[in-house]
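Q: These are the residues of each chain, in order.
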Amino acid sequence: QKEVEQNSGPLSVPEGAIASLNCTYSDRGSQSFFWYRQYSGKSPELIMSIYSNGDKEDGRFTAQLNKASQYVSLLIRDSQPSDSATYLCAVNKAGNKLVFGAGTILRVKS
Amino acid sequence: EAEVAQSPRYKITEKSQAVAFWCDPISGHATLYWYRQILGQGPELLVQFQDESVVDDSQLPKDRFSAERLKGVDSTLKIQPAELGDSAMYLCASSHGQGAFGYTFGSGTRLTVV
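Protein sequence lines, in the order shown, are assigned to chains A and B. Residue numbering for the first sequence follows the working numbering, beginning at 1 and increasing consecutively. Residue numbering for the second sequence follows the working numbering, beginning at 111 and increasing consecutively.
So that you can see chain A by itself, here it is in the shape it has in the complex:
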């Protein structure tokens, strides 16, 4: 079992729709969770972090965390073609290192 699992996609949504990206993790002791966006050929860019159960909103992005279910999600409202990228879920492990999922490819169609 991989430590961080994501559906590889691609997830296709029309422009203006809500994109929902999901991630599960195996280490119940994990406390910090992150979403990175990665455009093709570029390095990952941190877009959201979440540490407590519930929702955290930042502009069009909402991160959701459910530690009991070991589940993290990212919602992107009013999706734009510029949101088309790979979204990486990352979990902080003991020793202050991040473990990444394989990423979900998002395609927003205009």
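It is possible that part of the hints are untrue.
Straight-line alpha carbon distances no greater than 30 Å define the calculated DSS-like cross-link-like pairs of lysine-lysine that follow [as the list claims (entries may be wrong)]:
id, chain 1, residue 1, chain 2, residue 2
1, B, 181, A, 93
2, B, 181, A, 97
3, B, 125, A, 93
4, B, 181, A, 2
Derived from the structure by calculation, the hints contain no laboratory data.
Following the hints, complete the assembly by docking chain B onto the known chain A.
A: Just chain B, lined up with the frame of chain A:
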């Protein structure tokens, strides 16, 4: 905005040759990470430094890879000899010591071994 500097941006090398990548973290960041990202996969940690000391190199193929951060600032990752399977993006990241707050990646080095 402070950045993590990496060079070169792209590198093409022949199988069995040596190759080296350089990283300069954000000033004041004590923790430095090297990750490898194979196309279609997530980044995988190769080595983690705290100042000049290696904290974790459990996933570093030590028969061919080496990493150093001699003065606790910039770092070099070396591969010798390079193999075809080493073709990947090599990413450097730094943090002020607490990965719990995420960290910033450099632009990466795209290595192609031919």
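Q: Compare the structure with each hint and give your call.
A: Now the hints, each set against the structure:
For the hint linking residue 181 (chain B) to residue 93 (chain A), the alpha-carbon distance of about 26 Å falls within 30 Å, and the restraint holds. Between residue 181 (chain B) and residue 97 (chain A), the direct Cα distance comes to roughly 21 Å. Compliance with the 30 Å bound is thereby established for this hinted pair. Only pairs whose Cα atoms come within 30 Å are accepted, and residue 125 (chain B) paired with residue 93 (chain A) is rejected, the gap being roughly 35 Å. Straight-line distance between C-alpha atoms of residue 181 (chain B) and residue 2 (chain A) comes to about 35 Å, which puts the hinted pair past the 30 Å bound.
Violated hints for the displayed structure, listed by number in ascending order: 3 and 4.
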